[in-house]
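Asker: Given chain W, work out where chain S should sit, using these hints.
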Amino acid sequence: MFLLLRLLPGDLAIAKLGIDATPESIVQLQQEFGLDRPIITQFFSWFGHALRGDMGVSMLTGVDIADEIINKAKVTLPLIAFASVLALSFAIPLGMYAALHFRRWDGISTSVVSQLGIAVPTFWVGVILVTIFAVIFQIFPSGGFPDVGWSAWASCLKSLTLPAITLALGQGAMLMRFARSATIDVIQQDYFRTARATGLTRGQALRIHGVRNALIPVVSVLGMQIATLIVGAIIVESVFALPGIGQMLLQDVGINDYTKVQGTVAATTAAVFFVSFLIDVTLNALNPKTRQRQ
Amino acid sequence: MKRNRTLFLGVSLVSFSVVMALLSIFWTPYDPLEINPDSSLAKPSWSHLLGADVLGRDVLSNILVGSRTTLITAFLAVMITMVLGVIAGISASVSPRWFKSPAIYGIDIVLALPTVLFAIVLAAIYGPSTLTAVVAIGIATAAAVAQVTRREVNVILTSDFVIAAYASGSGKGRIIRRHILPNIRASLFIQASGASALAILAESTLSYLGLGTTPPAPSWGRMMASSQQYLLIDPIVALWPGFAIVITVLGFNLLGDGLREALDPTLRSSKL
Chain W
1 MFLLLRLLPG DLAIAKLGID ATPESIVQLQ QEFGLDRPII TQFFSWFGHA
51 LRGDMGVSML TGVDIADEII NKAKVTLPLI AFASVLALSF AIPLGMYAAL
101 HFRRWDGIST SVVSQLGIAV PTFWVGVILV TIFAVIFQIF PSGGFPDVGW
151 SAWASCLKSL TLPAITLALG QGAMLMRFAR SATIDVIQQD YFRTARATGL
201 TRGQALRIHG VRNALIPVVS VLGMQIATLI VGAIIVESVF ALPGIGQMLL
251 QDVGINDYTK VQGTVAATTA AVFFVSFLID VTLNALNPKT RQRQ
Chain S
1 MKRNRTLFLG VSLVSFSVVM ALLSIFWTPY DPLEINPDSS LAKPSWSHLL
51 GADVLGRDVL SNILVGSRTT LITAFLAVMI TMVLGVIAGI SASVSPRWFK
101 SPAIYGIDIV LALPTVLFAI VLAAIYGPST LTAVVAIGIA TAAAVAQVTR
151 REVNVILTSD FVIAAYASGS GKGRIIRRHI LPNIRASLFI QASGASALAI
201 LAESTLSYLG LGTTPPAPSW GRMMASSQQY LLIDPIVALW PGFAIVITVL
251 GFNLLGDGLR EALDPTLRSS KL
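Residue numbers (this note's numbering), protein chains in the order written: chain W, 1 to 294; chain S, 1 to 272.
So that you can see chain W by itself, here it is in the shape it has in the complex (with noise of 0.2 Å):
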């Protein structure tokens, strides 16, 4: 990535200085950010720095990059964990309960759920939540945040309610499949079947030794969606104009801040392996096998 983005056509000082740049201006803004060194020197020292969480300062605003990132993070880290609750608190009842009766539901429901969930893009759930609640009925905000930021908590709240709805509902579509499936594994299973023989209604043996089984599969996939739940969160900010890490690395995009967004997606990609290690931390926790293999 660093590499593509050093490849870029043009000159980033000619960018900056605009077309008043005189070649020693540009020579000496080069010397300045280090331009003129070898591209691999340019990238340790880079890695390097980012390691130690200092990111540099945008080439372009000198604004500093590390601090902008977690400034930012305070909308889009409260919406993907708002979102993933919500996707979890609906999609595993949703998936045990289509589970439970699947002579009944199998075929329709289901797979009408889980086709649309994957054919609906995210941008229009948002706009038509947006149509239905904020311009219709009038309860959320159709966008924006507060500029006071969390001190205002429960109007941050209220403007985040529709942009984690939008991105949970195309999660916990998938998320539903997931708990469906894992679902009839359990009910098929020996210790189940063992379970009702002592009486147990199949609510009761579910609840009582099926849910954790049947949650550890649905854990694994929202930790491999972790990814797709960040880009959900760019597009999502962009629907409701929510002032996060997504819209922060579209504008960046659209001024050329190739220094801002190089360390974005760096800060992006490691909290996107973060998750999956604490995931992974969750798991364990969740499954007694892997737990006693330690």
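Simulated from the structure, these hints should not be mistaken for laboratory data. It should be emphasised that the depicted structure is a prediction, and the values quoted were computed from it without experimental measurement. Just so you know, even glycine gets a beta-carbon here, dropped at the ideal spot from N, CA and C. Incorrect hints may appear among the rest.
To be verified - If you only want the chain W side, here are some residues facing chain S, beta carbon under 10 Å, derived: (1) D67; (2) I70; (3) V120; (4) P121; (5) F123; (6) I139; (7) S155; (8) L157; (9) T161; (10) A227; (11) L249.
As the list claims (entries may be wrong) - What follows is a set of in silico ranges between Cβ atoms, one per label pair, in the way DEER data are often shown: (12) W:R193 / S:S159: 34 to 40 Å; (13) W:F274 / S:Y105: 54 to 60 Å; (14) S:S95 / W:F273: 48 to 54 Å; (15) W:V135 / S:S12: 32 to 38 Å; (16) W:L77 / S:R151: 33 to 39 Å; (17) S:I25 / W:L278: 50 to 56 Å; (18) S:I176 / W:I70: 26 to 32 Å; (19) S:G106 / W:L77: 39 to 45 Å; (20) W:V211 / S:S15: 40 to 46 Å.
Answerer: Positioned in the frame of chain W, the structure of chain S alone reads:
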């Protein structure tokens, strides 16, 4: 066809989109770019079947021409996907060991790379255009094809007829041409169909974000973005491009599922 409703539905929806796109080459109700202040935000009526946007441009004409943009972009992206994916998949499976694991790692890395993020990086470098969208979508989805292809080729490589071909002195190139490619052909059609659905979604998302097709060429994603600005006045205009996207993506997904049902008998009774 009669028994396979999924395939039938998929083929119908896809043919509908393709016919609409072909139709738009010869005829649209209006010039899609013609600005007409008199019919600004006109409601759906006989003169404008789906209404008109804020500049008075006919929505139906724009959807028709937009389908052409979307389908062509998706088609080109899928060509890249299939060629790259099949080459990467086969070479990751038949090549010597020193090449094998780097190739598999490479596929895994690209697989982890979200299409939109990749497109953002490409757009940051080369500027947003249909071409960057095509390349980004093509490369990002190729990894999935490569992975499936690699798995299938690995199975085929252990089969008796391949071993027999080796024993009778066939070279790698001949085995790939005579034995591997014909055996993965069915799977490639299924994957191409799925990849088309992904490509259409990605194309419309990118042009919605302003990273794809550039104005004035009509595209579904950009229609959504521009109609969103006057959602408060006229929410209906924003619905149409969304419907168009859903119908086309659903069509390609069902086509893929239907083909799978038709071509792979072991999957017919599967529960998922």
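Asker: Next step is simple, just say for each hint if it's right about the structure.
Answerer: Tested hints:
1. D67: violated, 21 Å
2. I70: With a closest approach of 19 Å, the I70 (chain W) hint is violated.
3. V120: This interface hint holds because 5 Å falls under the 10 Å limit.
4. P121: holds, 5 Å
5. F123: This interface hint holds because 5 Å falls under the 10 Å limit.
6. I139: violated, 15 Å
7. S155: It is violated, given that the least Cβ distance between S155 (chain W) and chain S is near 20 Å, above 10 Å.
8. L157: violated, 23 Å
9. T161: Hint violated; T161 (chain W) Cβ to chain S Cβ min 18 Å, cut 10 Å.
10. A227: holds, 5 Å
11. L249: holds, 6 Å
12. W:R193 / S:S159: 34 to 40 Å: holds, 38 Å
13. W:F274 / S:Y105: 54 to 60 Å: Since the Cβ atoms of F274 (chain W) and Y105 (chain S) sit about 20 Å apart, the hinted range of 54 to 60 Å is violated.
14. S:S95 / W:F273: 48 to 54 Å: For F273 (chain W) against S95 (chain S), whose Cβ atoms are near 28 Å apart, the range 48 to 54 Å is violated.
15. W:V135 / S:S12: 32 to 38 Å: Check passed, 34 Å falls within 32 to 38 Å.
16. W:L77 / S:R151: 33 to 39 Å: holds, 36 Å
17. S:I25 / W:L278: 50 to 56 Å: Given a distance of about 52 Å, which is inside 50 to 56 Å, the answer is holds.
18. S:I176 / W:I70: 26 to 32 Å: violated, 51 Å
19. S:G106 / W:L77: 39 to 45 Å: violated, 31 Å
20. W:V211 / S:S15: 40 to 46 Å: holds, 45 Å
Of the numbered hints stated above, those contradicted by the structure are hints 1, 2, 6, 7, 8, 9, 13, 14, 18 and 19, listed in ascending order.
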